[in-house]
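Visitor: Listed below are the residues making up each chain.
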Amino acid sequence: MASLRVVHYVNQFFGRIGAEEAGDHPFTVRGGPIGPGIGLQKELGDAGQVVATFICGDNRAATDLEAFGAAVTAALREQRADVLVAGPAFNAGRYGLACGEACARAAALGIPAVTAMNAENPGVDLYRAKTYVLPTTPTALGMNETLGRLARFAIRLGRHEVIGAAAVEGYYGKGVHRTAILDRPAAERALDMLVARMAGQKFATELTLPAVEHVAPAAPLADVASARIALITTGGIVPKGNPDGLKQSNSTEWRAYPIAGLEQLEPGKYESIHSGYDASAANSNPNYVMPLDAVRELQHAHAFGDLDERYIVTTGVGTAVVEARRMGREIAAQLKERGVNGVILTAT
Amino acid sequence: MSAKTLELGTFDVADVAFGDRTAFAGGKLTIARDEIATLASSDPAFAGVEVMLVRPHESVRIPQITDVIEPRAKSGGTGGVFPGLLSAVEPVGSGRTDRLRGVAVVTSGPVPWLGAKGLFVPHDSVLDMAGPGADLQPYANLHLVVLRFTFKDGVDHEGYERGLLLAGEKVARALALTARDAAPSSVEHRDLSRPAAALPRIVYAYQVQSQGVFMRSRLYGRVLDELQPTLVHPNELADGALTAGGLGGHGVKLHTWMHQNNAVVEHLVAAHGKRWDFAGIVLHRGHFYLYEDKQRVGLRIAESATLLGANGVVFTLGGAGNNVTEVMLAIQECERRGIKTVLITWEHAGPDGSDYPLPFAVPEAVAIVSTGNLDEPLALPKMDRVAGDQAIRVRPEIGGVPYPIDTAITLERRTFYAGAANPIGFGRSGSVES
Amino acid sequence: MITALGPVAADLGANRVIRGVKIPHPCGDPTLEPAGDHALRIGLVRAALGALGEKIDKATLFRGAS
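From first to last, the protein sequence lines stand for chains B, E and X.
For what it's worth, my numbering labels the leading residue of the first sequence as 996, then goes sequentially.
For what it's worth, my numbering labels the leading residue of the second sequence as 16, then goes sequentially.
For what it's worth, my numbering labels the leading residue of the third sequence as 7, then goes sequentially.
Among the hints, erroneous ones may be present.
[Unchecked claim] Covered stretches of chain B, as calculated for chain X (at least 3 residues, CB under 8 Å): (1) 1268-1278; (2) 1281-1288; (3) 1292-1300.
[Unchecked claim] Derived EDC-like pairs (lysine to aspartate or glutamate); straight-line CA-CA distance at most 16 Å: (4) X:Lys-64 <-> B:Glu-1208; (5) B:Lys-1169 <-> E:Glu-448; (6) E:Lys-43 <-> E:Asp-30; (7) E:Lys-289 <-> B:Glu-1261; (8) E:Lys-19 <-> E:Glu-105; (9) B:Lys-1169 <-> E:Asp-49; (10) E:Lys-19 <-> E:Glu-241; (11) B:Lys-1235 <-> B:Asp-1218; (12) E:Lys-43 <-> E:Asp-27; (13) E:Lys-167 <-> E:Asp-58; (14) B:Lys-1125 <-> E:Glu-448; (15) B:Lys-1331 <-> B:Glu-1292; (16) B:Lys-1197 <-> B:Glu-1208; (17) B:Lys-1037 <-> B:Asp-1187; (18) B:Lys-1264 <-> B:Asp-1239; (19) E:Lys-185 <-> E:Asp-49; (20) E:Lys-185 <-> E:Asp-27; (21) X:Lys-61 <-> B:Glu-1140.
[Stated by the list, open to error] With the Cβ distance kept under 8 Å, some of the chain X side facing chain E (calculated, not the full set): (22) Ala-10; (23) Leu-11; (24) Pro-13; (25) Pro-30; (26) Leu-38; (27) Lys-64.
Just so you know, these hints were derived from the structure itself, not from any lab.
Note that CB positions come from ideal geometry on N, CA and C, so glycine has one too.
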C-alpha cells in the first residue's frame, strides 16, 4: 500500500520558530516533519510520510481565522495531501481554534483530517461537528501517547476506513444520537449499571441530558394598563374541523386565528386536536385552554391596553425543541411587528 | 420477599399449523381454525374474525395490533390466569402455571374511530417479522396466531375494548390448555424468598399507562386509571394479573406479553439470590394531570422502595409524554434517600438525533439506559405478505387518511412501529453518538 | 406562561410561569360551578398580567390557581 501523504499543522512554538513573542508569525510551509511531527512520523511508520509541516503563529491564526483558513486551503491543494493532522493543541485555546479551522478547511476540500485537544479547549465545542477531535491531557505531558493515537487515526482516515461511534473510537462526539442495535438487551445493561452504582463502582450512563438554555427574563412592562397583549397556546385549540390541518403532535407549524369582536371562544366552534391530553374539557369549553372570555373581561376593565386580534396556536406534544425554537422566533418577530408588548401563553 | 413460589412449566413450540383439532403434541401446536375463530369472535362487538398464522422471521407485516399475549394456563395452586377477567379474583402467582413458549396470540384489526381524535383514538401501528424492523420488536422469534377482527356497528369503544381483551385472553388460555397432558420442556421453580447471603436489594418501579379506553391497563381485572403506587409480587405477573388493554397502540405500548415476559423481571428473577435480592415490584401509573399528583406518586414510590429495604430501584416507562415527570420525581426522592436508581427510556431527540431527548429530567437522574431515538424515521422494505388491512389509518386530526403498507414504507417516526420504544428493555436497541 | 406543570416549565427555561389548574384545562376547573370557574380564570389571567409587569431576574413560579 502506498505511503499516505500526511500534512502536519503546528503553531509557532511547536514549529520551533519562537514562543509567545512569535505569535504573529505568518502562515509558512516547510518540508518534512518538525518538532512533534518527528514523533508523529515515527508513529506513522511506513504507512504515512509527513511531507510538509504548516506553521502559523497562534495570534495570527486566531485573530483572522478566515485568512488563515484560506492559506491552509491553498497550501493543502499544493501538497496533494491525503490527510491532515493538526496539533495536538492540549489546553492552548488559540492553537485549538487554529487546529480546528485547519481541519475544517481540509474536510471542506474532501481531505480527511484529525486534531487533538483537551476537553476544556474551546476548539472542541466549535469544531467537534466539523472534524474529528481526539481528547488529550491538559498539558503536553501527554504528547507521545497522543501522537500515537493521532497517527493511527490518520492512517485509517487516509485509507478511507469507516470510523465508528465516538464512544468506541475515542473522539468527541458530534452530539448527535443514532439508534443502533447494541450487544446486550437494555434491561441487562440497566441492571449492570445499577449493580455498579450500588457497589460504588464507576459506571457510564448512556444518556446525558444537554444543558437547558436559559434566557434572561425580558424587562417587565412599564405600564401593563397600556400594553398590547397577544395570546398563544400550545394546547392545539383550532376552529372546529381543523381547517388548516394542524398536526396533532410533532408540530412544525403554527397558525393564527381571528378573535376580533369575540368575547370568548364559543364552545362547539372550536376543538382541541392535541394528541397528548384528554380533550373533553377543552372541547366542551375552549376557554379552559385559551382563556379569551377572561381576557376580554379584563380588557373591558382596562387591566391592559389592547389585545392583538388573533390568537396563535400550535401543538406541544413531541415537538422537537429545534422546531419550537424556530416557531418561537417566527412568532416573536411577527408579534413585535404588530406592536405587541406582552404575551400570555397557555400550555397543556 | 415472601415464600410465594411458582412452578413455571414451559412447553416449547417448534411449529404451529392449522389442523382438525386444537392440540399440542411433540412440540407442535395444531389449531382448529373454525373452533378458535368461534371462540374468539363470540363477543357482540365483532362482525367476524380471520385467524392467520405467521411464522418466526417470516416476511410479514402485521398492522393494527391491539395486544400480544403468551398462552398460559394454571394447572395447580390457587386462581386461574387473567384473574378478575377470565378467572375469579383469587390470588395467583403460586402453584403451577403452564406456558407455551415460542407462540403468541395477537389481537388486531381496524377498530372504528367513531370520530375520535387527539389522545383518544385507536392508533394504528405496523410490525414486521423480518427485515430491519424485526430487531425492533420482541416477537420476531415467535409463531404468531393473528386474530384479525372486523367490528360491528353500533358498539362503543368500551364494547370493542372489552371484546378484544377477552377474546385474546380466551384464545391464549385455550391454546395453553392443550399442553396439559404433555411433558414440559422445562420446569422453573421461582422462589423469591429472601436469600441467606446479604445481597443488594433491588426494587422494580414498573410504570403502566391507563387513561381511558384507548390506553388501559388492569390489575386483577381492575382498570388502573386511578392507580396509586401499589406492591406486586413478580410471580403474579406470570399469571396475567397485569394485563394490557386499550385499543390499538403506539410504539410505546406495553402489551400483555411484555407484562408476562417483562425483561427486567426475568433478569431480576434469574439472578435472585446470586447477584441481588429482588425485593418486589412497585406498580404505578403516570400521566397525572395535576403536578401535585405527580409529586405524590414520586413520594409513594420512594417510600415503598424504602419500606422494602431497597438499595437500588430500576425504572421503566408506561407510555410517552408527561409520565416521565412522575418517574423523574421518584428518582429524585430515591437518590436523596441514598437509594441508587437506573432508568430505561427511549429518546425524543428529533429526526436527526440532536434535539433535547427527554420531556423532563432531574439532575439526580445520573444513570440512564437509552433504547434509542423514537423520533428517527424508519425505512421498512416491502414484506411478502400483510397479515391484515393493506393500509393503516393516519392523521386522525384531519379525519383520517389511508397509508398503504403493502409496499416499502418510511415511517416518519418510530412511534408508529409496535415495540419500537423497547420500553421494558427486552431488545438490544440503544443510542450511539456519532 | 400558564401551565399545570409549572415547575417543569420553569426548569426548562420559561421565565414567568403561572401555576395552572390541570393539564387538560390549565385555565379552568370543570368541577366548579360556572361562577367559581370563571372567577378562577379571571384570577389566572390577572396573575399573568401581573407577572408581565413584575421585574424578575430568573425563572419564577407565580401561584395562580388557589
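Visitor: For every hint, state whether the structure bears it out.
Guide: Hints, one by one, checked against the model:
Check result for the stretch 1268-1278 of chain B against chain X: holds, 6 residues qualifying (beta carbon to beta carbon below 8 Å, three or more required). Only residues whose C-beta sits within less than 8 Å of a C-beta in chain X count toward coverage, and the stretch 1281-1288 of chain B has 6 of them, enough to reach three; the restraint holds. Coverage of the stretch 1292-1300 of chain B by chain X holds. Counting CB-CB distances below 8 Å, 4 residues qualify, and the rule asks for three or more. As the CA atoms of X:Lys-64 and B:Glu-1208 are separated by approximately 12 Å, the hinted pair is consistent with the 16 Å bound.
Note on B:Lys-1169 and E:Glu-448: the hinted pairing holds, with a Cα-Cα distance of about 7 Å set against a maximum of 16 Å. For the proposed pair E:Lys-43 and E:Asp-30, the alpha carbon gap of about 5 Å is at most 16 Å, so the pair holds. Of the pairs offered as hints, the one joining E:Lys-289 and B:Glu-1261 is violated, with about 64 Å between alpha carbons and a cut-off of 16 Å exceeded. A hinted pair counts as satisfied when its Cα atoms are at most 16 Å apart, and E:Lys-19 with E:Glu-105 qualifies at roughly 14 Å.
The straight-line distance between the Cα atoms of B:Lys-1169 and E:Asp-49 is roughly 57 Å, outside the 16 Å bound, and the hint therefore fails. With a CA separation close to 27 Å, the supplied pair E:Lys-19 and E:Glu-241 exceeds the 16 Å bound. Taking the CA atoms of B:Lys-1235 and B:Asp-1218, the gap is about 36 Å. The hint is violated against a cut of 16 Å. Distance check on the hinted pair: E:Lys-43 and E:Asp-27 sit about 9 Å apart at the alpha-carbon level, within 16 Å; holds.
Taken as a hint, the E:Lys-167 and E:Asp-58 pair is honoured in the structure, with Cα atoms around 10 Å apart against an allowance of 16 Å. The suggested pairing of B:Lys-1125 with E:Glu-448 holds, with an alpha-carbon distance near 15 Å, which does not exceed 16 Å. A hinted pair counts as satisfied when its Cα atoms are at most 16 Å apart, and B:Lys-1331 with B:Glu-1292 does not qualify at roughly 24 Å. For the proposed pair B:Lys-1197 and B:Glu-1208, the alpha carbon gap of about 29 Å is over 16 Å, so the pair is violated.
Between B:Lys-1037 and B:Asp-1187, the direct Cα distance comes to roughly 41 Å. Violation of the 16 Å bound is thereby established for this hinted pair. Annotation: proposed proximity of B:Lys-1264 to B:Asp-1239 holds, straight-line Cα distance about 15 Å (limit 16 Å). Annotation: proposed proximity of E:Lys-185 to E:Asp-49 holds, straight-line Cα distance about 15 Å (limit 16 Å). For a cut-off of 16 Å, the pair hint linking E:Lys-185 to E:Asp-27 is broken: about 20 Å separates their Cα positions.
For the proposed pair X:Lys-61 and B:Glu-1140, the alpha carbon gap of about 54 Å is over 16 Å, so the pair is violated. Hint status for X:Ala-10: holds, given a least beta-carbon distance of 6 Å to chain E, under 8 Å. Using the Cβ-Cβ criterion of 8 Å, the hint placing X:Leu-11 at the interface with chain E is satisfied: the shortest such distance is roughly 6 Å. Hint status for X:Pro-13: holds, given a least beta-carbon distance of 7 Å to chain E, under 8 Å.
Hint status for X:Pro-30: holds, given a least beta-carbon distance of 6 Å to chain E, under 8 Å. The restraint placing X:Leu-38 at the interface with chain E is violated, with a minimum CB-CB distance near 15 Å, outside the 8 Å limit. Here the hint on X:Lys-64 is broken, as its CB sits about 17 Å from the closest CB of chain E, past 8 Å.
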